[in-house]
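2 protein chains.
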Amino acid sequence: MRIALDAMGGDYAPAVNIEGAIETVSDFEDIDIILVGDELSIRAELDSKRCPPNRISIRHASQTVRMDESPSVAIRKKKDSSIRRACELVKNGEADGFVSAGHSGVVMATALLLLGTSNCVDRPAIAAIMPTLKAPFVLIDAGANLHCKPENLLQFALMGNTYCRVILGRSEPKVALVSTGEEDTKGNELTREAFKLLKEADINFMGNIDGKDIFTGNADVIVCDGFTGNVVLKTSEGLADALIKMLKREVANLTAGRIGYLLMKPALRNFKKKTDYDEYGGAPLLGINGTCIISHGRSTAKAIKNAIKVASDFAENKVYEIIASAIEKGIANHERIKVAKK
Amino acid sequence: MRIALDAMGGDYAPAVNIEGAIETVSDFEDIDIILVGDELSIRAELDSKRCPPNRISIRHASQTVRMDESPSVAIRKKKDSSIRRACELVKNGEADGFVSAGHSGVVMATALLLLGTSNCVDRPAIAAIMPTLKAPFVLIDAGANLHCKPENLLQFALMGNTYCRVILGRSEPKVALVSTGEEDTKGNELTREAFKLLKEADINFMGNIDGKDIFTGNADVIVCDGFTGNVVLKTSEGLADALIKMLKREVANLTAGRIGYLLMKPALRNFKKKTDYDEYGGAPLLGINGTCIISHGRSTAKAIKNAIKVASDFAENKVYEIIASAIEKGIANHERIKVAKK
Numbered sequence: 032m033r034i035a036l037d038a039m040g041g042d043y044a045p046a047v048n049i050e051g052a053i054e055t056v057s058d059f060e061d062i063d064i065i066l067v068g069d070e071l072s073i074r075a076e077l078d079s080k081r082c083p084p085n086r087i088s089i090r091h092a093s094q095t096v097r098m099d100e101s102p103s104v105a106i107r108k109k110k111d112s113s114i115r116r117a118c119e120l121v122k123n124g125e126a127d128g129f130v131s132a133g134h135s136g137v138v139m140a141t142a143l144l145l146l147g148t149s150n151c152v153d154r155p156a157i158a159a160i161m162p163t164l165k166a167p168f169v170l171i172d173a174g175a176n177l178h179c180k181p182e183n184l185l186q187f188a189l190m191g192n193t194y195c196r197v198i199l200g201r202s203e204p205k206v207a208l209v210s211t212g213e214e215d216t217k218g219n220e221l222t223r224e225a226f227k228l229l230k231e232a233d234i235n236f237m238g239n240i241d242g243k244d245i246f247t248g249n250a251d252v253i254v255c256d257g258f259t260g261n262v263v264l265k266t267s268e269g270l271a272d273a274l275i276k277m278l279k280r281e282v283a284n285l286t287a288g289r290i291g292y293l294l295m296k297p298a299l300r301n302f303k304k305k306t307d308y309d310e311y312g313g314a315p316l317l318g319i320n321g322t323c324i325i326s327h328g329r330s331t332a333k334a335i336k337n338a339i340k341v342a343s344d345f346a347e348n349k350v351y352e353i354i355a356s357a358i359e360k361g362i363a364n365h366e367r368i369k370v371a372k373k
Numbered sequence: 032m033r034i035a036l037d038a039m040g041g042d043y044a045p046a047v048n049i050e051g052a053i054e055t056v057s058d059f060e061d062i063d064i065i066l067v068g069d070e071l072s073i074r075a076e077l078d079s080k081r082c083p084p085n086r087i088s089i090r091h092a093s094q095t096v097r098m099d100e101s102p103s104v105a106i107r108k109k110k111d112s113s114i115r116r117a118c119e120l121v122k123n124g125e126a127d128g129f130v131s132a133g134h135s136g137v138v139m140a141t142a143l144l145l146l147g148t149s150n151c152v153d154r155p156a157i158a159a160i161m162p163t164l165k166a167p168f169v170l171i172d173a174g175a176n177l178h179c180k181p182e183n184l185l186q187f188a189l190m191g192n193t194y195c196r197v198i199l200g201r202s203e204p205k206v207a208l209v210s211t212g213e214e215d216t217k218g219n220e221l222t223r224e225a226f227k228l229l230k231e232a233d234i235n236f237m238g239n240i241d242g243k244d245i246f247t248g249n250a251d252v253i254v255c256d257g258f259t260g261n262v263v264l265k266t267s268e269g270l271a272d273a274l275i276k277m278l279k280r281e282v283a284n285l286t287a288g289r290i291g292y293l294l295m296k297p298a299l300r301n302f303k304k305k306t307d308y309d310e311y312g313g314a315p316l317l318g319i320n321g322t323c324i325i326s327h328g329r330s331t332a333k334a335i336k337n338a339i340k341v342a343s344d345f346a347e348n349k350v351y352e353i354i355a356s357a358i359e360k361g362i363a364n365h366e367r368i369k370v371a372k373k
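If you read the protein sequences in the order shown, they are chains C and G. FYI, in this note's numbering the residues of the first sequence are 32 to 373. FYI, in this note's numbering the residues of the second sequence are 32 to 373.
Keep in mind that the hints are not guaranteed to be accurate.
No copy labels: a pair is met if it fits in one copy or bridges any two.
Stated by the list, open to error - Result set (SDA-like, lysine to any residue): computed pairs, CA atoms no more than 25 Å apart in a straight line:
(1) K205 - A232
(2) K180 - T148
(3) K109 - R74
(4) K165 - A140
(5) K372 - G248
(6) K369 - I275
Just so you know, these hints were derived from the structure itself, not from any lab.
Take these sequences, add in the hints, and give me the full structure.
Right, here's the structure in full:
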């Protein structure tokens, strides 16, 4: 598999991106990397790391999109950005997929523009895998679409359902909709309308889910608009960090606690691994014609490596084609049910 | 202080509500309670607890609002609900404030209808106090308004700012707006418009806050619409629960870990207390003419007791009057700035 990596995207780019690329080729024999971005900086970084050059190549791009840029302006004005050039490699068949830890709104808009959406998909969505008390679940949309219509949420549910089957191996995923309470009457206009569509869809819809139940592991796929998804994802990350720090501080205040802490350390390490978002690497953009993995802006080299691995698996299993055909069937079924009811 | 308690609201009502009332009168000499709801059930519960009757009285209400009812229907059809009767006691001056763990949408609508909003306030908002790595912060709106306009968020910011000064004693609270990134350009239409208003307001506005930074303790007041606030509040509760359970399970898998766990137990207990929402009791509805405290549906007796204490403090310090005058000044200032700019 050949994966294009936006070398310039993310808070610690290009250094950690390139480190992640080097770790990838050393860990996985079947993945080659094309680093996309400013050739001089990339080459300097590669040279300093004394990397054997054979499985890592460079594609120059003269522009970098900043995190504070408006997507529409960046798309219009930066035709030679590392995001766009990486996406073009996928479009032209020179790469099997691309990974970016850059501005996720711009990555989404670029993929939409260059690769296009699958049939019956109006808006692509980010599907993030998150840990729980039991097994992990799929959160969709984790931040691509800040304005959604009820039909978008139906499409997200269908895509998330298929993704969960393929990637997490659940035969009949339980799908839930984020709202302010479990009851049908709870929520805002968007969720109440989406509830009706999801209820009629050919999925195992379990109804609304309240924030407090998101991490119980009772739902396999959790659907929401991208604003809410971004808030859920980031609040959880921030809170998990804060709780671990608070716990450490409590322990440091007690001598017995300090000994206890040392004895508990292997358990804490295991725990941290389970809740460590770096382990999951990146989240795919579902609904586009191609493989595009969006990584966290704060990605470490390990996260970049894992994101590249996700991209490679995604491309190898042709997941986007499976999703395209599932959603076409799902929407067709939905239309049939609607017509039959009339 | 006389506080009216909706005896029928919440998942474990009326038993825990009445237990909470009994604990309150035994812990606080200056708080009397009026239990509002079905007289027969309340009396049976009180009798079983052999409570000295002198500081707890009963006001009968024949109806109870269920959690799955639509607020508009409940308001129209249940004129003798425990929520409405409790609110009426405040309106008539028979109680200094009221507490309910029932349907928060109905509590909000009833308070709005019977007590009315302060001048310059279009919609009241729930202000929840939440723990962080440093000091606690105020989250506003924590769930009252699922549809908001930018002007509502400005009013929430002004109310939250004053509440934070009065209750948390911060002289110049740092106010932040929940969005999908720190940059001005991030977020949806609502947050982008609200950003402009907050920037011009007479508060210490620090800009957008991303979910990952909510629990760092850098902001004193965090502003959002009620749908987002409900999701932040409940997701945090659920995740804190899940993380503690995951940690315990990791520890149970190791013998050394188990000993460590025993040694760490006092630290864990302290930690749990800091992150225990029961400690905070209830959240006030800001912007109405009176004292109304909304408690969690899953309130325990301890949470009910703490909510009653919050109501009593709120009423004693006339917090709602302080907020009413602050927001009037804040909005007037804002209008002046707007006019001056034109």
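- Task: Kindly indicate which numbered hints from before are broken by the structure, ordering the numbers from low to high.
- Result: 4, 5 and 6
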